[in-house]
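Chains as they are written, first to last, in this note's numbering: chain Z, 1 to 256; chain S, 1 to 332.
Worth flagging that the hints you see were computed from the coordinates, not collected in a lab.
Don't take every hint at face value.
What the hints assert, rightly or not - Some chain Z residues close to chain S (C-beta under 7 Å, calculated; not the full set): (1) S10; (2) G71; (3) Y75; (4) A78; (5) R84; (6) Q87; (7) F92; (8) V103; (9) M107; (10) A168.
The beta-carbon is built from N, C-alpha and C at its ideal position, and this holds for glycine as well.
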Amino acid sequence: MAPPVLEIDSLTMRFGGLTAIDRLSFKVERGAIHGLIGPNGAGKTTTFNVVSGFYEPTGGAVRLRGETISGLRMYEVARRGVVRTFQHSTLFAELSVLENALVGTHMSFPPNIFAAMAGVDKANRRAARARAEEALDFFGLSGLADELAGELPHGHQRALGMAVALAARPDVVLLDEPFTGMNPEETGRMMELMVKLRNTGVTILLVEHDMHAIMGLCDRITCMSFGRLLAEGNPQEIRHHPDVIEAYLGGARHVA
Amino acid sequence: MHSSVTSLAAILGLGAVLLALPHALSFSQQEILVFLTINVLVVASYRLLTLTGEWSLGHVVIMGVGAYASALLSKRLGVYVPVSMLLGAVTAAMVALALSFPLFRMKGFYFLIGSFAAGEIIRLLWKRFRDPFGGPKGIKKIDPMPDFDIGIYAFDFFEPVSYYYLALAVVGVSLWIMWRIERSPVGLTFHAVHWQDRLAEASGVNVRAYRTLAFVLASGFAGLSGALLAHYIGTINPNSFDVEQMVFVLTWTIVGGTATFYGPILGCVVLTILNEIVLREAGFEQMRPLIYGLILILSVLFMPKGLESLVRGALSWQNARKKKVGETQATE
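Please take these sequences and the hints and turn them into a complete structure.
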């Protein structure tokens with residue numbers, strides 16, 4: 001079996017007296033859509049923040065293809081191929097849709113100030129633009145390239161957030177609640193795009209509350225509660241796991 | 001194609017006006033024109049710094065670093081003045097690089113205060129050390145720019161007109177470089193860092209490095225403007241670069257607006273003309289600061305997006321009208 005692309009190994013994150021993540025371990029297989037679920041306050045977003053390098057963990061490690069990446073800065077994690085999106089519509093609202101995607105190409109086509117002044121970076125700029133347009137096209141945003149990102153409708157903003165991540169050609173994308181605020185139709189379309197994205201070879205780790213989407217999309221699901229690993233398995237196993245039902249419904253086991 | 005021809009014509013026209021301008025002015029107005037040209041570089045470089053979202057209160061002191069460095073290099077070591085000016089710019093950039101290590105541990109308001117403190121420390125060093133900085137009296141008899149002849153025009157730097165042409169060339173080239181930087185992927189990254197530093201970092205941007213880059217570049221151009229100033233007025237002292245000057249730079253920038261490249265330049269030009277020429281000529285010598293202050297308050301109240309918003313409004317109105325004319329012609 002191929003080694004996991006991402007390995008979370010007894011990860012611990014404390015804020016003062018609060019333990020947000022408590023010795024959490026799980027593995028994400030290459031090319032999988034892996035869901036991270038749990039009740040509010042379970043530590044899902046904190047886990048994302050540690051994996052993406054926004055926080056340095058108190059203990060444990062995150063390994064990418066065997067290399068420890070926990071403790072690196074966010075841009076260093078990104079340069080190793082792990083790119084995240086944010087909750088809500090975190091975009092460059094004052095920039096155009098195309099410019100947003102162009103920022104995503106930063107790692108593949110690093111700007112060079114001397115080349116820019118001398119005007120000898122035309123090929124680089126063209127290639128970056130082609131990559132950005134490709135990413136917009138993937139999410140069906142080509143027609144909106146010149147609009148201001150902040151003026152897009154909500155669903156398109158979420159898609160643009162993913163296009164920015166895709167323009168970076170990541171190995172692993174971390175999607176933080178990509179379906180929030182979407183109607184069922186938009187959610188359905190977004191799910192199709194994610195399957196399409198996975199089929200291009202990208203590994204997806206997502207945090208989500210929309211159970212319908214999670215169950216329909218994920219190959220594997222990790223469920224957290226109070227910072228700890230509660231259960232892991234495929235959607236069928238998770239759906240019927242007594243601990244998961246109890247965590248979500250509170251004492252359901254005794255009622256049933 | 002058509003628009004590039006019109007913009008080329010506009011640039012040539014502007015160039016011709018700027019070249020002819022000093023000959024329509026009095027001697028004292030010519031002097032003001034030289035200062036104005038130098039100040040345009042100061043505000044344009046200040047905007048480069050604000051592109052990444054950080055506002056500094058030390059920019060004028062950094063300009064002073066360029067002035068002191070160029071003055072001392074030419075006076076003490078006999079460096080040829082044009083070379084010392086460039087070295088002054090480099091020194092200002094290097095000082096900014098050193099300052100960036102403590103300063104960019106801070107953001108926003110804290111950066112603002114930190115930059116002010118750093119600037120005051122530099123000014124106190126100038127005051128405290130008579131050797132080499134000349135103490136509170138500063139440096140006098142700074143070597144002037146050596147005269148030279150380029151065939152079609154003989155530069156005589158005791159004439160403000162000659163110095164104006166020199167400053168115009170230096171500032172023009174500097175603005176062109178800044179413009180190219182802003183329009184490049186580097187400029188886009190500056191904007192990205194400004195509007196969403198977390199998302200920029202998640203896209204692999206080394207946010208700290210880009211903030212430092214903008215700070216160092218802006219400081220280099222500020223240092224160059226300081227050197228231009230030093231070799232024009234011939235005397236500099238720590239008070240030439242105090243917080244009062246900084247407040248002028250801030251008001252030009254705020255009144256002009258920072259959304260466009262030309263906003264702060266517009267602010268600087270309009271306010272200088274207003275303050276130095278219109279109010280002076282109108283005989284409001286005593287009342288000048290009062291009226292100037294009033295204009296500032298009114299412009300911030302009624303034009304919160306700056307003078308540039310008027311230009312943008314006029315341009316879009318003209319475009320809309322052109323479109324409308326085109327449509328009616330089409331229907332006819």
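Evaluated hints:
no., hint, result
1, S10, "violated (25 Å)"
2, G71, "violated (15 Å)"
3, Y75, "holds (5 Å)"
4, A78, "holds (4 Å)"
5, R84, "holds (5 Å)"
6, Q87, "violated (11 Å)"
7, F92, "holds (5 Å)"
8, V103, "holds (4 Å)"
9, M107, "holds (4 Å)"
10, A168, "holds (6 Å)"
Hints 1, 2 and 6 from the list above are not met by this structure, while the remaining hints are.
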